[in-house]
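A.B. asks: The chain contents come next:
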Amino acid sequence: MTSTSERLRGDRAFGASVAGPAHVAADLANQDAWTWTRWRTNYGTVHCAVVCDGLGSRPHAREGARAGVRAAKRAARQWSRAPGAPVGLLVRLLEVLWRLEVAPLPADDCATTCLLALALPDGLEWRLILLALGDGLAAVDSPEGLRTLGGRAEEHFTNTTVGLGTPHHMNDWQVHDMKTSGQVRVLLLSDGIADDVPEHHVPDLLQWLTGLEDRPAAARGQALRRALRQWPVPGHSDDKTVVYLRIGGVEA
Amino acid sequence: MSSGRLTLKDITVAAPRPLPVLLLLDVSGSMAEDGKLAALNTAVRDMLHAFAQEQAGGAEIHVAVLAFSGREARVHVPLKPARDVKFEALDAKGHTPLGSVLTLTTRILDNRNLVPGRAYRPTVVLVSDGVPTDEWEAPLEGLLTSPRASKAVRLALAVGEDADLKVLTRFAGEDHVRRAAEARQLRRFFRFVTMSVTARSRSATPDQVVTLPDLGADDGFDDLDL
Numbered sequence: 003m004t005s006t007s008e009r010l011r012g013d014r015a016f017g018a019s020v021a022g023p024a025h026v027a028a029d030l031a032n033q034d035a036w037t038w039t040r041w042r043t044n045y046g047t048v049h050c051a052v053v054c055d056g057l058g059s060r061p062h063a064r065e066g067a068r069a070g071v072r073a074a075k076r077a078a079r080q081w082s083r084a085p086g087a088p089v090g091l092l093v094r095l096l097e098v099l100w101r102l103e104v105a106p107l108p109a110d111d112c113a114t115t116c117l118l119a120l121a122l123p124d125g126l127e128w129r130l131i132l133l134a135l136g137d138g139l140a141a142v143d144s145p146e147g148l149r150t151l152g153g154r155a156e157e158h159f160t161n162t163t164v165g166l167g168t169p170h171h172m173n174d175w176q177v178h179d180m181k182t183s184g185q186v187r188v189l190l191l192s193d194g195i196a197d198d199v200p201e202h203h204v205p206d207l208l209q210w211l212t213g214l215e216d217r218p219a220a221a222r223g224q225a226l227r228r229a230l231r232q233w234p235v236p237g238h239s240d241d242k243t244v245v246y247l248r249i250g251g252v253e254a
Numbered sequence: 006m007s008s009g010r011l012t013l014k015d016i017t018v019a020a021p022r023p024l025p026v027l028l029l030l031d032v033s034g035s036m037a038e039d040g041k042l043a044a045l046n047t048a049v050r051d052m053l054h055a056f057a058q059e060q061a062g063g064a065e066i067h068v069a070v071l072a073f074s075g076r077e078a079r080v081h082v083p084l085k086p087a088r089d090v091k092f093e094a095l096d097a098k099g100h101t102p103l104g105s106v107l108t109l110t111t112r113i114l115d116n117r118n119l120v121p122g123r124a125y126r127p128t129v130v131l132v133s134d135g136v137p138t139d140e141w142e143a144p145l146e147g148l149l150t151s152p153r154a155s156k157a158v159r160l161a162l163a164v165g166e167d168a169d170l171k172v173l174t175r176f177a178g179e180d181h182v183r184r185a186a187e188a189r190q191l192r193r194f195f196r197f198v199t200m201s202v203t204a205r206s207r208s209a210t211p212d213q214v215v216t217l218p219d220l221g222a223d224d225g226f227d228d229l230d231l
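Chains X and S, in that order, give the protein sequences.
For the first sequence, position 118 (counting from the first letter as 1) is numbered 120 according to the numbering used here, and the numbering increases by one without interruption.
For the second sequence, position 143 (counting from the first letter as 1) is numbered 148 according to the numbering used here, and the numbering increases by one without interruption.
Quick look at which bits of chain S chain X covers, simulated, 3 or more residues with Cβ under 8 Å:
{"no.": "1", "stretch": "63 to 72"}
{"no.": "2", "stretch": "119 to 125"}
Chain S side only, calculated, beta carbon under 8 Å to chain X, not exhaustive:
{"no.": "3", "residue": "Leu13"}
{"no.": "4", "residue": "Lys14"}
{"no.": "5", "residue": "Thr17"}
{"no.": "6", "residue": "Val18"}
{"no.": "7", "residue": "Ala20"}
{"no.": "8", "residue": "Pro21"}
{"no.": "9", "residue": "Arg22"}
{"no.": "10", "residue": "Pro152"}
{"no.": "11", "residue": "Lys156"}
These are calculated hints, taken from the structure and not from any lab test.
We treat Cβ as the ideally placed atom computed from N, Cα and C, and that holds for glycine.
Just chain S, with the same shape it has in the complex:
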């Protein structure tokens, strides 16, 4: 509708509210073992594909992929609408600089140009199969005490038996951490996060708290009615 020559379209933003999802992916050398990296790449690709298909909801899902290995974390995919993401498979090598990726995450979430105030509460998903190899406690404290970044929904997946469950629990809280002992469970975790985020993007209350299911083999996860 117009009033004179001025229309509401002229004075409103042209983009839907973003629903940001940050994937913090451990691609240290150990992830190359036992098919973990292949399963991770497949799970992320499936997630991105599902997000890109999600057109009906009120929110627009935005995704960033932060990979951490070697000495420091890097932005593998900058935060952008999921439909615009061209995902290239991750390689695995080097150490597990968890502190570096947590610092990077806080920096992104605190940046109102990257994550505007009109965005829905971001989801941060941390996946790791090992023990941090850098100083991570201060960066974690920085994230958890940041007035803005601390409001993100935090989920974590410990991959394999060597993952440091205590660290991941400190990151996400006990109820939001699961362990995947096999590739199938890793894929289930990502499928759950995918369904949870897409459900939120369509919901009248997109900031409802996520409840993680058990990833056990016979837990009926595949039949969850979301």
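One chain only, chain X, in its complex shape:
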């Protein structure tokens, strides 16, 4: 990765998370968590988005998801300061930090899925890294086309996913590592949304979110949360989380 001074043009990042009707009816808190953040390095500004979905059957799912977001952010920040380090180290660091974050709670009681998107400037390009463990969906729309990552593994049903805190292997992490130039849109969805949006409609969802971009932040957040609460799928019950990130081209 080369160092460059750059100016980000027209980047947008927003997201929302709402408790699903089943949790609301049971007086339970939202067990999804998300963040978007960015930081400067000596080669430019790094963008990071995370979505974690605590496994509903676990007593500390909410804590696990929130710890997942913190761990992913910390891991990404640390890893991004070592350009050229293998992505496998990022995954291992995230796993270790998550266990430290949930301690002294048993990891199994805090199990959570994890989606991470990381955009690192690399000269005039972006290096985009998507990581996914468990269900939910990550998508990136770039000049090279739309790529998705995650989604429910073929052998799984709802709520039978793997995650941090469940038995899994390193190769259960799905990894997408790509270079792109120009404008990029990144989307992270918890399964409460991803399961209800067929993959061929992911570009439409991106378009729908793009339509919210230019609203004032407060109005945009309010509109997004209202849309998630009024989710049109009959009988929907899950927590729902979406993070949208658009980053402009890198200008030398």
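Based on the hints, put chain S in the right spot on chain X.
C.D. replies: Here is chain S on its own, set in the frame of chain X:
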């Protein structure tokens, strides 16, 4: 809400998440004895009626009825929403091709067109009153080792004294098998499964493990607070 002309309704699925229930029903000739088949038909009809009334939950209960007798299993009711099922009473005759129905079950559960990934974990209920008359161990192994089908919740009911409890225990595990010596216990078993599934369909955590009660005459089963 809309953004431009595109709305979320345009891009989301129109159906609730399914909660599949597969009934694997032994209708071999011996089921015609002692009122077992009549009790089974009544219990299944009551279950389907209860499922069809279940509108309030987040999940939509889907049911398939697989009957096994003669040489091989058949789909008596294909997997569909319970409210759409028109159940016709089953007849009993012939042998007990358990292996055939297990193979059919694995095939259905492994088919993502029939049981999509967004479905809740399926429940498979096996009811039998006899000893398998075909090769069943390999089909059972196939079900238990299928990455997908093996995730289903498996329950079993041994009907009468001649049922092969060992086979049913291999299928469902010791904690998920009960024996019904009389029609009343058979109906209790189905009522429990019905209540368990409907409770799951309304639950914030629909994949909680099912715990079967004892079916003894004085076990207070009727008073279970689910």
